[in-house]
Amino acid sequence: MRRYDLVSTLFLMVLAAYVSASGFRLGFGEWREPGPGFLAVLSGLALGALAAFWFGMTFAKPQGPGEIARRFIADTGGLRIVGLTAAALIAFALLLGPLGFPLTTLAFMMFLLRVIEPQRWGLALALSVATVVLCVVVFQVWLQVQFPEGPVSIHTIRKWIF
Amino acid sequence: MDTLSSLANGLWVAVQPINLLVCFVGVFIGTLIGVLPGIGPLGAIALLLPSTLYVSPVSSLIMLCGIYYGAMYGGSTTSVLLNIPGEAASVVTCIDGYQMAKQGRAGPALGISAFGSFIGGTICVFLLALLAPPLARFALRFGPPEYFSLMVLGLTILIYLANGPVLKALMMAALGLILGIVGTDTISGRQRFTFGILELSDGIGIIPVVMGLFGISEVLLNVEKVLRREVLQARIQGLLPTLQDWKDSAGPILRGTFLGFFLGILPGGGAVLASFASYAVEKKASKHPERFGKGAIEGVAGPETANNAATAGAMIPLLTLGVPNNGVTALMLGALVIHGLQPGALLMKEQPALFWGTIASMYLGNAMLLVLNLPLIGLWVQVLRVPYPILFPLILLFCLIGVYSVNNSVVEIWFMLLFGVVGYLMKKFEYESPPLVLALILGPMFENALRQSLILFDGNPSVFLTRPLSAVFLVISALLLLTNVVPWIRGKKRLLADAD
Chain P
1 MRRYDLVSTL FLMVLAAYVS ASGFRLGFGE WREPGPGFLA VLSGLALGAL AAFWFGMTFA
61 KPQGPGEIAR RFIADTGGLR IVGLTAAALI AFALLLGPLG FPLTTLAFMM FLLRVIEPQR
121 WGLALALSVA TVVLCVVVFQ VWLQVQFPEG PVSIHTIRKW IF
Chain S
1 MDTLSSLANG LWVAVQPINL LVCFVGVFIG TLIGVLPGIG PLGAIALLLP STLYVSPVSS
61 LIMLCGIYYG AMYGGSTTSV LLNIPGEAAS VVTCIDGYQM AKQGRAGPAL GISAFGSFIG
121 GTICVFLLAL LAPPLARFAL RFGPPEYFSL MVLGLTILIY LANGPVLKAL MMAALGLILG
181 IVGTDTISGR QRFTFGILEL SDGIGIIPVV MGLFGISEVL LNVEKVLRRE VLQARIQGLL
241 PTLQDWKDSA GPILRGTFLG FFLGILPGGG AVLASFASYA VEKKASKHPE RFGKGAIEGV
301 AGPETANNAA TAGAMIPLLT LGVPNNGVTA LMLGALVIHG LQPGALLMKE QPALFWGTIA
361 SMYLGNAMLL VLNLPLIGLW VQVLRVPYPI LFPLILLFCL IGVYSVNNSV VEIWFMLLFG
421 VVGYLMKKFE YESPPLVLAL ILGPMFENAL RQSLILFDGN PSVFLTRPLS AVFLVISALL
481 LLTNVVPWIR GKKRLLADAD
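Residue numbers (our numbering), protein chains in the order written: chain P, 1 to 162; chain S, 1 to 500.
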């Protein structure tokens, strides 16, 4: 934990310095007429002081005899899963515009159901299609959410059917 | 008499078809969330915040309250059947609830949880209706300095409640205030920390932050080590407690009601503390304390009543002062702010339908909970069997759709993902999210109250200490912080001295 605390407080100190400096640039004003940067300066200074204090305490604290360096993620399999899940989320945000909602959702669900703890192809496909249909009906048709259309939109599906 | 007629009007609001529907949806989802280990009421409310935009503020608050007390009950199902608490307030139910289930008495354990929750919840709604109006009238005396100090107190309470070191929670509150600054300054009109991104000119949205910090980050943590659970295979029968069960449970239910309600109001109280306190009281009061831990029904009835009663108590500071005393009520405050409402003393006067409608709906919600839970227990057991690898893609998709639907903007998805990663790292580095979120929600009001106070009182910061009410709030805040910081510093000093 010691290393994590040192890294995180260092980051917070840098952030606090940036916020305080930006606050001064925006205008601290005076006590009787606080400017737009007034709270930025005060909260930046408070964050910086707290982070510096914690950094100092952690730095001075000796490593406990029973304290074992904790791994960020318990096993490498976990790291892979977290990475793949994050990648799927990023891909969803990137592809939503060009591919449209139904296709992106289908790909997203299929990827997560097949990759993380692989389900059978049939089950993964059935669940993904059911989810897409349900989401389109609830969000797009019923709640009127304006999703990006893409090549396979609800209108094209309607045309295929009718 | 005023209170009774207001409550009657509230009941009229609560029985409107849309409000009955959202109340049902709320308690249903709340129970579902409570049943599923890994998603607490905080995460559930975060996930459902965007959907509340499609209904009126009163319907929105009714639904969120339903999720809150629904989750309190749902948590008991997992505790009794799996020995895993669905959420923190049900930890103590595991002790005797699971033992009862092993003895073939899962039915009465679940039944008494439902009845206790209903009785406690119902009595507390009346207590809430009685206590809230005088408190709200009192709060009408507040000016900007009092509001500023009250917000300081609200932040301090969440910091005080933090599980980790108080200094880390303070850092998160400061970070939340900084995030709250982002956007256009209301006084000068200048853009602050927007980096030319148009979507940031109105400030950082509460929904992407909350869904990222509580929804996405929670899933990322859970997928690291997928939860494996084994549901007790015993058939659940005889949900209605016997006459002896009722005799044993009557006292615990009554004591749990009052204990839970008052601990729910108190800063630093809440459902978790209420359930533990109730268990301790029942063990102390019992003529056979040796039965506790071996399947005593009192050990289920008391805590389950207390945690539901505490949810009603927790609504008092939120609805009357605009001060949340836990993470869930902080998100409810966020929901009200999203709807453009100013929670606090004027809420009852300006939005009586919302105020009394919410209170009355809690009574109806408790009745729904009873009807919903006893016959549907089989369904909840089936839900427990849904494997997490199938469940988590749905949760993630719900987050993505929810956050997109707020403004039909992909930028909001990016913000949510960013805060999802931030939340994940915060949990790894042992920083807590609730103080950050509350500071973000209160940030703009906090800044306005601070700047208005200074402008009104000629830049004299001592005004916060010379006005009696403001001084009281600040002194309580200081005491809360000191009670947390001093023992921690003493501990650190001792550690350093030992090392020397």
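To be clear, the hints were calculated from the coordinates, so they are not data collected in a lab.
Glycine is no exception: its CB is placed at the ideal position from the N, C-alpha and C atoms.
There could be a bad hint or two in this list.
[Claimed, not checked] Derived list of chain P stretches under chain S, where covered just means 3 residues or more per stretch with a C-beta under 8 Å from a C-beta of chain S:
no., segment
1, 22-36
2, 46-58
3, 92-100
4, 103-111
5, 114-121
6, 137-145
Against the structure, the hints:
1. Counting residues of the segment 22-36 of chain P whose beta-carbon sits less than 8 Å from any beta-carbon of chain S gives 10, enough to reach three: the coverage restraint holds.
2. Using a Cβ-Cβ cut-off of 8 Å, 7 residues of the segment 46-58 of chain P lie near chain S, which meets the minimum of three, so the contact claim holds.
3. Evaluation of the coverage hint for the segment 92-100 of chain P: fulfilled, as 4 residues show C-beta separations to chain S shorter than 8 Å, against a requirement of three.
4. Only when three residues or more bring their CB closer than 8 Å to a CB of chain S does the claim for the segment 103-111 of chain P stand; here the count is 3, and the claim holds.
5. For the segment 114-121 of chain P, the proposed coverage by chain S is satisfied: 3 residues have a C-beta within less than 8 Å of a C-beta in that chain, meeting the threshold of three.
6. Counting residues of the segment 137-145 of chain P whose beta-carbon sits less than 8 Å from any beta-carbon of chain S gives 3, enough to reach three: the coverage restraint holds.
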